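**Student:** The listed protein sequences derive, respectively, from chains A and B.
When the letters of the first sequence are read in order and numbered with UniProt numbering, they come out as residues 1 to 517.
When the letters of the second sequence are read in order and numbered with UniProt numbering, they come out as residues 1 to 517.
To be clear, the hints were calculated from the coordinates, so they are not data collected in a lab.
Just so it is clear, the structure is predicted and the values come from calculations on it, not from any experiment.
Hints should not be assumed to be uniformly reliable.
Copies of the same chain look alike in the list, so a pair counts if it fits in one copy or across any two.
Quick list of in silico lysine-lysine cross-link-like pairs, DSSO-like style, CA-CA up to 27 Å [unchecked claim]:
id, residue 1, residue 2
1, Lys199, Lys496
2, Lys345, Lys467
3, Lys311, Lys340
4, Lys505, Lys283
5, Lys464, Lys395
6, Lys436, Lys395
7, Lys259, Lys345
8, Lys417, Lys238
There are 2 protein chains.
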Amino acid sequence: MAANKPSVPKGTRDFSPAEMAKRNYIFDTIKTVFRKYGYQEIQTPSMENLETLTGKYGDEGDKLIFKILNNGDLINQTLLKSFDELLSLLNSKGLEVDILNIENEEVGNGNKDRKVSWRDITSKSFEQIFEKLRYDSDDLFELYQLTSLKLGNTVSEKALRYDLTVPFARYVVSHQSEITFPFKRFQVQPVWRADRPQKGRYREFYQCDADVVGSDSLLNEAEFILIYDEALSNFGLKDFTIKINNRKILSGIAEIIGKPELIVDMTVAIDKLDKIGMAGVSKELLERGFTEDDLQKLTPVILLGGGNDEKIDALKKVLAASPIGLKGIEEINTVFTYLKNARLKTAKLELDITLARGLNYYTGAIFEVKTNEVAMGSIGGGGRYDDLTGMFGLKGMTGAGISFGADRIYDVLEELKLFPEDATQGTQVLICCFDKEFENYGFQLVNQLRQQEIRAELYPPGAKIKKQLDYANNKNIPFTIMIGSEEMQRGLLSLKNMQTGEQRKLLVEQVLAELQA
Amino acid sequence: MAANKPSVPKGTRDFSPAEMAKRNYIFDTIKTVFRKYGYQEIQTPSMENLETLTGKYGDEGDKLIFKILNNGDLINQTLLKSFDELLSLLNSKGLEVDILNIENEEVGNGNKDRKVSWRDITSKSFEQIFEKLRYDSDDLFELYQLTSLKLGNTVSEKALRYDLTVPFARYVVSHQSEITFPFKRFQVQPVWRADRPQKGRYREFYQCDADVVGSDSLLNEAEFILIYDEALSNFGLKDFTIKINNRKILSGIAEIIGKPELIVDMTVAIDKLDKIGMAGVSKELLERGFTEDDLQKLTPVILLGGGNDEKIDALKKVLAASPIGLKGIEEINTVFTYLKNARLKTAKLELDITLARGLNYYTGAIFEVKTNEVAMGSIGGGGRYDDLTGMFGLKGMTGAGISFGADRIYDVLEELKLFPEDATQGTQVLICCFDKEFENYGFQLVNQLRQQEIRAELYPPGAKIKKQLDYANNKNIPFTIMIGSEEMQRGLLSLKNMQTGEQRKLLVEQVLAELQA
Numbered sequence: 001m002a003a004n005k006p007s008v009p010k011g012t013r014d015f016s017p018a019e020m021a022k023r024n025y026i027f028d029t030i031k032t033v034f035r036k037y038g039y040q041e042i043q044t045p046s047m048e049n050l051e052t053l054t055g056k057y058g059d060e061g062d063k064l065i066f067k068i069l070n071n072g073d074l075i076n077q078t079l080l081k082s083f084d085e086l087l088s089l090l091n092s093k094g095l096e097v098d099i100l101n102i103e104n105e106e107v108g109n110g111n112k113d114r115k116v117s118w119r120d121i122t123s124k125s126f127e128q129i130f131e132k133l134r135y136d137s138d139d140l141f142e143l144y145q146l147t148s149l150k151l152g153n154t155v156s157e158k159a160l161r162y163d164l165t166v167p168f169a170r171y172v173v174s175h176q177s178e179i180t181f182p183f184k185r186f187q188v189q190p191v192w193r194a195d196r197p198q199k200g201r202y203r204e205f206y207q208c209d210a211d212v213v214g215s216d217s218l219l220n221e222a223e224f225i226l227i228y229d230e231a232l233s234n235f236g237l238k239d240f241t242i243k244i245n246n247r248k249i250l251s252g253i254a255e256i257i258g259k260p261e262l263i264v265d266m267t268v269a270i271d272k273l274d275k276i277g278m279a280g281v282s283k284e285l286l287e288r289g290f291t292e293d294d295l296q297k298l299t300p301v302i303l304l305g306g307g308n309d310e311k312i313d314a315l316k317k318v319l320a321a322s323p324i325g326l327k328g329i330e331e332i333n334t335v336f337t338y339l340k341n342a343r344l345k346t347a348k349l350e351l352d353i354t355l356a357r358g359l360n361y362y363t364g365a366i367f368e369v370k371t372n373e374v375a376m377g378s379i380g381g382g383g384r385y386d387d388l389t390g391m392f393g394l395k396g397m398t399g400a401g402i403s404f405g406a407d408r409i410y411d412v413l414e415e416l417k418l419f420p421e422d423a424t425q426g427t428q429v430l431i432c433c434f435d436k437e438f439e440n441y442g443f444q445l446v447n448q449l450r451q452q453e454i455r456a457e458l459y460p461p462g463a464k465i466k467k468q469l470d471y472a473n474n475k476n477i478p479f480t481i482m483i484g485s486e487e488m489q490r491g492l493l494s495l496k497n498m499q500t501g502e503q504r505k506l507l508v509e510q511v512l513a514e515l516q517a
Numbered sequence: 001m002a003a004n005k006p007s008v009p010k011g012t013r014d015f016s017p018a019e020m021a022k023r024n025y026i027f028d029t030i031k032t033v034f035r036k037y038g039y040q041e042i043q044t045p046s047m048e049n050l051e052t053l054t055g056k057y058g059d060e061g062d063k064l065i066f067k068i069l070n071n072g073d074l075i076n077q078t079l080l081k082s083f084d085e086l087l088s089l090l091n092s093k094g095l096e097v098d099i100l101n102i103e104n105e106e107v108g109n110g111n112k113d114r115k116v117s118w119r120d121i122t123s124k125s126f127e128q129i130f131e132k133l134r135y136d137s138d139d140l141f142e143l144y145q146l147t148s149l150k151l152g153n154t155v156s157e158k159a160l161r162y163d164l165t166v167p168f169a170r171y172v173v174s175h176q177s178e179i180t181f182p183f184k185r186f187q188v189q190p191v192w193r194a195d196r197p198q199k200g201r202y203r204e205f206y207q208c209d210a211d212v213v214g215s216d217s218l219l220n221e222a223e224f225i226l227i228y229d230e231a232l233s234n235f236g237l238k239d240f241t242i243k244i245n246n247r248k249i250l251s252g253i254a255e256i257i258g259k260p261e262l263i264v265d266m267t268v269a270i271d272k273l274d275k276i277g278m279a280g281v282s283k284e285l286l287e288r289g290f291t292e293d294d295l296q297k298l299t300p301v302i303l304l305g306g307g308n309d310e311k312i313d314a315l316k317k318v319l320a321a322s323p324i325g326l327k328g329i330e331e332i333n334t335v336f337t338y339l340k341n342a343r344l345k346t347a348k349l350e351l352d353i354t355l356a357r358g359l360n361y362y363t364g365a366i367f368e369v370k371t372n373e374v375a376m377g378s379i380g381g382g383g384r385y386d387d388l389t390g391m392f393g394l395k396g397m398t399g400a401g402i403s404f405g406a407d408r409i410y411d412v413l414e415e416l417k418l419f420p421e422d423a424t425q426g427t428q429v430l431i432c433c434f435d436k437e438f439e440n441y442g443f444q445l446v447n448q449l450r451q452q453e454i455r456a457e458l459y460p461p462g463a464k465i466k467k468q469l470d471y472a473n474n475k476n477i478p479f480t481i482m483i484g485s486e487e488m489q490r491g492l493l494s495l496k497n498m499q500t501g502e503q504r505k506l507l508v509e510q511v512l513a514e515l516q517a
């Protein structure tokens with residue numbers, strides 16, 4: 001036995017058979033609903049070109065992108081050996097083109113007779129070069145900078161996917177000529193973030209997104225609400241709320257107060273209402289540049305109560321002078337009207353004007369889903385964005401999308417004991433032979449069962465019966481069949497229900513009927 | 001429109017909806033069979049600790065491992081800036097522990113007054129250090145080596161999974177106390193190799209493996225053959241061969257000739273029989289250290305013809321003096337005997353003693369699957385290995401496994417037109433509104449259809465009807481429903497079969513019945 005068990009990298013996880021069965025149940029349930037609404041699956045590569053990803057997630061996000069070394073052996077061979085070897089390696093690592101490009105780049109220009117060209121740098125030893133440069137510290141600086149610049153450019157050109165949205169935007173632009181718009185796609189793949197791992201935050205985790213691009217119809221928003229409702233109802237959740245807001249309402253509010261430039265500060269503050277209460281929000285608003293006068297206007301809007309219709313009526317009055325605000329209300333109202341033609345199964349729908357979620361990104365609807373049965377952050381979110389593909393030069397591509405938080409849904413279903421038994425059921429029956437002499441009979445039987453599409457196993461004959469039954473129990477196999485000499489002679493199989501312990505002698509045909517039931 | 005479309009990294013691929021549907025069909029078909037035989041799915045992280053992977057794939061393999069930079073910003077911030085910044089960065093990047101460890105490491109020991117400690121290196125500027133070292137080239141060498149060694153150790157500690165076997169071995173050792181043996185797992189996940197991309201060879205591709213560990217029963221080998229037979233038959237393949245060999249037979253042959261030490265050379269040569277013929281094989285055997293005498297003994301064995309029983313009889317005679325060879329024959333014979341109790345659906349089973357496949361790895365059975373309908377390399381392979389987890393310190397864990405080549409199976413099914421239509425069918429019906437005024441009616445209808453579990457879409461109303469029908473055609477949607485004023489007034493829906501062009505006026509109930517059929 002190994003003294004030191006090998007481990008997985010921090011923030012990553014193995015998924016055991018029991019966990020995988022549950023995860024598959026979650027993903028399959030969501031995918032089935034996506035497909036029912038016309039969404040089609042795509043997959044993009046795990047790695048994207050570095051330039052595709054950088055600059056898309058802000059400075060903080062950029063730092064969390066996992067970069068891949070171009071070539072498996074470059075770093076070890078370079079940084080672990082002397083500078084001399086490093087330089088000649090640069091030459092050998094397909095840097096020919098770069099060398100040509102910078103042929104005129106030289107170090108040591110101050111003095112002609114100790115000038116060092118790029119060709120020198122890539123062909124001579126460190127010592128020879130140092131000597132030629134006469135150990136001039138300025139020149140040595142320059143030498144290092146030039147070399148490291150070239151090296152830096154060749155070290156990493158690829159990075160691991162940070163989310164599914166930017167790769168999707170890249171996909172739409174790459175394939176624009178083949179795609180029929182509106183394009184409704186879903187994608188369920190892992191993403192990687194070099195975040196500090198902590199409870200519930202991983203460096204590798206699955207995202208589960210559906211987006212539509214090329215359609216500004218608000219029917220899409222209505223359908224996203226139906227997708228949430230249907231998928232989460234299918235999981236057996238009994239009480240959850242889909243919150244909806246609209247960026248244009250937030251813009252309208254900031255406009256009415258006369259501080260449209262402070263919209264981000266305003267939404268960051270009011271987004272915290274749940275956590276810090278109105279007193280805390282007021283304090284923060286004052287700190288962020290709002291006046292007591294502004295607060296008097298804002299407070300009643302933030303604390304807007306009542307049902308969705310009442311909120312809409314109240315907002316119509318408050319935002320009467322703001323065309324963009326009124327547009328936001330109209331959009332939400334349209335979505336609500338559509339939904340009157342499609343009864344929600346379980347979801348409560350709630351207009352919540354404190355909802356902001358990645359505001360700089362969304363331009364219309366904003367969604368967030370929370371379960372009311374378990375204390376848990378949001379289990380889904382999304383919204384409309386007017387310019388998904390602009391970052392790759394394709395303008396005017398409006399879209400909207402939602403995401404399911406699979407890890408959190410897993411925890412919720414676990415806590416509420418909602419994973420259905422048959423979804424996580426593997427092998428249906430284990431055949432146990434008391435003796436190796438029955439193995440051919442056992443093998444024949446297991447194959448007979450499989451021909452009837454029953455998931456069946458034959459435990460390698462000869463082991464102690466306790467070991468075989470433990471195997472069935474640990475693998476959660478509901479039935480076992482014992483084969484001994486008596487069974488073989490009388491042609492009867494001993495079928496044991498592992499949960500009740502009940503044991504019956506049956507003919508093969510009866511066993512089949514029992515298992516297929 | 002973008003001038004330069006963004007692209008994916010060399011050797012990686014996007015999978016469009018049509019491709020994904022076909023790939024899912026392949027994976028789902030194989031997974032269903034794996035489950036039927038008691039195999040359970042697991043997943044391991046995309047990244048493993050570098051030490052888990054290195055040294056497991058030979059020197060060539062090691063070079064093809066994609067390494068991940070520890071921290072997104074390390075390289076750019078270090079190598080793109082001056083050496084000075086690099087050094088202070090080392091200090092700030094959690095190198096505290098390392099610094100303590102090597103506090104006594106110094107550069108410039110030759111002369112006490114210009115000694116530079118690691119603390120100097122990580123805190124002072126390049127220029128200050130150079131000055132202290134008086135630009136002594138030996139010291140500068142040493143400085144670079146020390147720094148780069150430290151940097152090298154911190155640059156990459158993780159790498160992308162190269163195959164599924166080593167992570168599986170690591171999984172078994174990590175989870176040995178939770179696992180009930182024999183452990184039958186399958187795994188379908190991407191792997192990454194920094195190989196030169198070429199036709200059919202990718203840098204990211206899926207592997208699809210099933211392995212059992214902790215059981216030396218030859219029933220496992222028999223079941224692997226049944227799994228291949230069932231999965232490939234389910235794809236509709238009509239003519240394929242499962243080749244089987246046994247490492248012990250190859251050992252026996254080398255032993256009989258009196259050159260057991262040349263077993264690798266022997267198998268590498270005879271493995272090429274298909275490609276270079278017996279003349280080529282003979283030439284290579286001579287080059288690899290065999291004599292004309294050896295060839296006289298080897299040739300009849302290599303060219304062994306007839307059915308499996310005849311081959312076994314002949315081998316029994318040839319290997320009569322080799323206990324290990326006879327053991328190999330006995331093992332194959334046992335597998336064949338088991339299979340007499342389980343009729344193969346389609347597969348031809350062929351004992352092929354030229355089959356070697358990763359010989360150093362396998363210790364018993366060796367499998368390879370080839371289709372006879374299309375010119376294509378092997379679409380599957382595997383075998384038994386006696387010491388899967390020894391590399392991680394857990395001894396005596398015997399196992400066997402097989403793999404399906406999903407990309408090749410995709411090409412085979414495509415060429416033979418074997419992808420079933422319903423497996424790749426997405427949306428079943430598209431509802432087209434002539435006018436935006438019907439959209440609420442259309443939305444009601446689409447939801448009514450979805451309540452009956454029909455995959456249905458409503459095209460955002462208002463677009464030209466040609467555009468809507470093009471959408472249906474491009475998305476391969478088999479039916480459309482047109483909604484205009486006439487349809488709404490008469491309560492009849494106009495259902496169009498997009499393949500035949502046939503159009504019928506039906507009641508909602510009739511449409512439902514039609515689509516559910």
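**Student:** Does each hint fit the structure? Answer for all of them.
**Tutor:** Hints, verified against the model:
Taking the closest pair of Cα atoms, lysine 199 and lysine 496 never come within 27 Å of each other, the shortest separation being 42 Å inside a single copy and 53 Å across copies. Proximity of lysine 345 and lysine 467 under a CA criterion of 27 Å is satisfied in neither setting, with 47 Å inside one chain copy and 33 Å between copies. In this assembly of identical chains, lysine 311 and lysine 340 lie within 27 Å of each other by CA distance solely inside one copy; the values are 18 Å within and 75 Å between copies. Proximity of lysine 505 and lysine 283 under a CA criterion of 27 Å is satisfied in neither setting, with 76 Å inside one chain copy and 65 Å between copies.
In this homomeric assembly, lysine 464 and lysine 395 come within 27 Å of each other (Cα to Cα) only across copies, at 23 Å, whereas the closest approach inside a single copy is 69 Å. For the identical chains of this complex, lysine 436 and lysine 395 are inter-copy neighbours only, at 26 Å across copies versus 71 Å inside a copy, given an alpha-carbon limit of 27 Å. With identical chains, the CA atoms of lysine 259 and lysine 345 are never at most 27 Å apart, being 41 Å at best within one copy and 75 Å at best between copies. When the C-alpha separation of lysine 417 and lysine 238 is checked against a cutoff of 27 Å, the pair qualifies only within one copy, where the shortest distance is 13 Å, while the shortest distance between copies is 45 Å.
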